[in-house]
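Visitor: Listed below, chain by chain, are the residues.
Protein chains: 2
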Amino acid sequence: MKKKLRIGLAGFGVVGQGLFDVLQKSPALDAKIVKICVKNKKERALPSDMFCYSANELINDENINLIVELISDAYEAYHIVTSALRNGKNVVSANKKMIAENLAELIELQKKYNVSLLYEASACGSIPVIRNLEEYYDNDLLLSVTGILNGSSNYILSKIFDCNKGYAESLKEAQDLGFAEADPSFDVDGFDSLFKLVILTAHSFGTIVNPDDVLHYGISNISDFDIRYAKEKGYKIKLVGQVEKQEENKISLFVLPRLVKKDKYIYNVEDEFNGVVIKGLAYDKQFMFGKGAGGHPTGSAVLSDITAIGHDYKYEYKKKNYYKEFLYEQSGEIEIYLRYKKQEDLAQFKFISISEEYSGPECNYKIGLISIKDLLAIKSRLREMDIFIAVTRKTLNY
Amino acid sequence: MKKKLRIGLAGFGVVGQGLFDVLQKSPALDAKIVKICVKNKKERALPSDMFCYSANELINDENINLIVELISDAYEAYHIVTSALRNGKNVVSANKKMIAENLAELIELQKKYNVSLLYEASACGSIPVIRNLEEYYDNDLLLSVTGILNGSSNYILSKIFDCNKGYAESLKEAQDLGFAEADPSFDVDGFDSLFKLVILTAHSFGTIVNPDDVLHYGISNISDFDIRYAKEKGYKIKLVGQVEKQEENKISLFVLPRLVKKDKYIYNVEDEFNGVVIKGLAYDKQFMFGKGAGGHPTGSAVLSDITAIGHDYKYEYKKKNYYKEFLYEQSGEIEIYLRYKKQEDLAQFKFISISEEYSGPECNYKIGLISIKDLLAIKSRLREMDIFIAVTRKTLNY
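Taken in sequence, the protein lines are chains X and D.
Quick note: the first sequence uses the working numbering, first residue 9, plus one each step.
Quick note: the second sequence uses the working numbering, first residue 9, plus one each step.
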């Protein structure tokens with residue numbers, strides 16, 4: 009029943025080492041890391057003959073029947089994963105960017121070469137959200153998936169809202185603790201959440217969406233004014249990704265900061281934790297919560313994929329293959345809080361209606377309805393303006 | 009890939025009708041209820057030729073390839089489920105008592121007749137906890153599973169702690185709303201939680217435990233004094249089931265009221281909701297939360313089992329089959345709060361040590377360490393004494 013797994017590991021960073029540790033704690037599993045591909049030669053705790061410096065050595069090694077890809081470079085990861093699949097090897101990957109950007113091809117390759125690619129660790133770290141969307145929520149009932157998908161930005165927001173720190177100080181703390189990269193943009197500008205959301209969308213509604221086509225905006229422009237505003241009104245700001253069924257066969261998705269009230273499940277998701285709310289007909293809301301970052305939690309998700317490979321598990325992409333097609337269309341409207349200084353920035357936003365507005369010596373804000381399509385059209389400029397945007401209340405199905 | 013399912017449904021109560029509704033909302037699923045077995049003839053909304061009055065009619069109907077058993081009588085359910093399995097039919101059941109009491113035989117029958125029995129709805133309603141324990145937490149990392157497993161008693165405790173009502177009033181409210189049976193003992197005395205815990209234990213650690221051998225005690229003896237005590241100290245009382253790995257290859261399990269502080273995940277699980285904390289090496293704690301009772305939430309879990317049957321899914325009982333054996337042994341010690349009036353009741357409890365004690369005009373309490381084995385020995389008498397017990401702090405691995 010169970011397959012003997014001889015693993016070729018690409019990457020030996022935080023997650024790779026986490027996996028190595030976690031595997032040591034799982035003696036019952038018949039899986040062994042036989043070779044590790046790394047970029048640079050240096051002194052390491054493991055014997056040097058465990059290491060190689062070209063991924064092709066793993067891919068072409070007949071003694072290896074599973075490639076685990078845990079490197080950060082998405083381009084390199086793409087090469088490793090696709091070559092391995094083409095070479096008839098099963099693969100486990102945690103590279104959200106690479107997966108989100110190449111999902112259609114990766115699905116095709118799995119089919120063509122009759123191999124399995126699992127990537128639970130690519131979304132929400134240790135929380136088994138992909139597997140549950142694929143296997144348990146595999147019916148017509150699903151309405152939406154909403155969640156805090158990025159541990160680094162959530163850590164920063166927690167420090168801001170629970171410890172009364174500023175953005176810059178909180179970011180530095182996150183970096184010092186290894187929760188955020190030296191270039192934090194991938195996390196704080198919502199790219200990481202975006203890629204995860206694209207992956208979750210494929211397993212929620214079967215739709216393969218190009219990340220470039222999705223509205224996403226992060227927290228790097230948050231100001232003390234925004235923080236004060238949120239606190240005064242009893243909100244926390246969270247960076248939230250959401251995919252939601254609309255009327256007919258349409259879905260909408262976006263990653264945006266959100267003003268969250270105490271009565272929401274995600275209000276209490278703090279620090280490096282992730283939390284996902286799955287909403288559906290009949291069961292209403294379900295909530296899954298766990299560590300979204302860190303070598304060991306992510307390593308444990310990789311481990312679950314490895315054991316699943318041992319049991320010949322494959323994603324069937326059930327929503328895509330067995331259900332009616334959902335089209336991605338940014339047709340909805342949302343209500344946003346827009347903090348701005350200059351009129352020329354404000355002029356970029358085509359508000360449908362305004363419910364509140366404020367002008368002051370420090371800056372101004374407006375709260376009003378805007379179409380997602382119009383926001384998407386100016387996506388590339390959003391980060392450059394001296395503004396901050398947060399969803400206050402979604403008007404469709406929320 | 010997907011099998012056409014023609015369902016014979018046994019039972020048309022709250023969950024059966026919930027399933028019927030939920031199936032209507034799932035047009036993409038190729039599953040149809042072709043016949044429903046009920047106890048009594050009466051006027052119903054569906055055509056009368058949909059109904060039959062003997063389960064054998066379902067079991068022997070060659071047109072039916074899946075039996076869904078949703079009746080409350082465990083003895084009758086046992087007959088239906090085992091006969092159906094023997095007759096080569098796959099089965100979905102939600103009968104926790106029947107499953108917990110016959111698990112070893114049910115596993116054997118599945119193997120012998122090469123059929124699948126799924127029962128996600130038997131534990132925690134809509135939360136996919138069995139499936140996750142089986143498929144995702146299928147490694148050596150798991151340390152414990154702890155949860156609020158019974159929606160009815162949790163509803164009652166929520167009314168007591170959040171709405172300042174008494175036990176009797178809260179119970180009546182739960183009964184009026186259909187959350188508790190006319191004879192509420194199954195829920196409030198911990199039987200329901202016990203059966204669910206036994207099922208979760210099989211999928212967590214692979215150990216088949218006889219429910220009779222497990223310590224369980226509910227909330228029916230809770231008094232205003234206990235409630236006041238808990239509130240003064242900043243606790244809520246929750247009815248909690250827990251299975252936990254001990255040193256070597258041993259597990260301990262029990263269902264007991266627990267004094268829960270605000271920092272625990274289960275503190276905020278209110279009303280008819282269930283919440284399960286899964287603790288393990290590497291990923292630390294994960295939390296799953298959702299509706300634990302009601303026709304539609306439970307119906308949605310049954311639906312997930314039905315679609316899984318359509319994809320030829322079977323529980324592999326991975327922990328039992330692929331991992332080292334865990335022995336059930338009530339060897340641990342716990343710290344309990346014991347409220348009592350009479351010395352003769354107190355004399356039944358062999359405290360190892362006492363950390364607090366109080367005597368007053370109304371009643372007395374002691375807080376101290378006691379062995380689980382000693383509590384188990386007087387299990388049958390616990391409910392008859394004028395006492396209340398709650399775990400204050402578990403001393404092993406907690």
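Rather than coming from a laboratory, the hints here were simulated on the basis of the structure.
Where hints are given, some of them may not hold.
When chains are identical, the list treats them as one kind, so a pair holds in a single copy or across two.
Simulated pairs of lysine to aspartate or glutamate, EDC-like, Cα-Cα distance not exceeding 20 Å [unchecked claim]:
1. K258 - D148
2. K33 - E256
3. K33 - E333
4. K387 - D38
5. K12 - D148
6. K374 - E84
7. K43 - E65
8. K287 - D220
9. K40 - D170
10. K272 - D170
11. K328 - D38
12. K293 - D29
13. K374 - E343
14. K33 - E255
15. K50 - D320
16. K49 - D353
17. K332 - D38
18. K12 - E324
19. K293 - D148
20. K47 - D81
21. K258 - D279
22. K258 - D69
23. K350 - E240
24. K270 - D170
25. K11 - E256
Visitor: Within a copy, between copies, both or neither: which one fits K350 and E240 at a CA-CA cutoff of 20 Å?
Guide: Close neither inside one copy (24 Å) nor across copies (54 Å); limit 20 Å.
Visitor: When no copy is named, should K12 and E324 be tagged within, between, both, or neither for a Cα gap of at most 20 Å?
Guide: between (23 Å within a copy, 17 Å between copies)
Visitor: I want to check one pair: K40 and D170. Are their C-alpha atoms no more than 20 Å apart within a copy, between two copies, both, or neither?
Guide: For K40 and D170, the Cα distance exceeds 20 Å both inside one copy (43 Å) and across copies (51 Å).
Visitor: Give the relationship of K270 and D170 under a CA distance limit of 20 Å: within one copy only, between copies only, both, or neither.
Guide: both (13 Å within a copy, 16 Å between copies)
Visitor: Check K387 against D38 for me: Cα-Cα at most 20 Å, and say if that holds within a copy, between copies, both or neither.
Guide: neither (48 Å within a copy, 42 Å between copies)
Visitor: From the Cα coordinates, with 20 Å as the cut-off, is the pair K293 and D148 best called within, between, both, or neither?
Guide: Within. Shortest intra-copy distance 15 Å satisfies the 20 Å Cα cut-off; inter-copy 30 Å does not.
Visitor: Regarding K293 and D29, is the shortest C-alpha distance of 20 Å or less found within a copy, between copies, in both, or in neither?
Guide: between (35 Å within a copy, 18 Å between copies)
Visitor: Please work out whether the CA atoms of K258 and D69 approach to 20 Å or closer within one copy, between two copies, in both situations, or in neither?
Guide: Neither, since 45 Å and 41 Å both go past 20 Å.
Visitor: Could you place K12 and D148 in one of the four classes (within, between, both, neither) given a Cα distance threshold of 20 Å?
Guide: between (37 Å within a copy, 17 Å between copies)
Visitor: Can you give me the call for K11 and E256, within, between, both or neither, at a CA distance of at most 20 Å?
Guide: The answer is neither: 44 Å in one copy and 27 Å across copies each exceed 20 Å.
Visitor: Could you place K287 and D220 in one of the four classes (within, between, both, neither) given a Cα distance threshold of 20 Å?
Guide: neither (26 Å within a copy, 37 Å between copies)
Visitor: At 20 Å max between alpha carbons, let me know whether K50 reaches D320 within a copy, between copies, both or neither.
Guide: For K50 and D320, the Cα distance exceeds 20 Å both inside one copy (36 Å) and across copies (49 Å).
Violation of the numbered hints given earlier is confined to hints 4, 6, 8, 9, 15, 16, 21, 22, 23, 25; the remaining hints are satisfied by the structure.
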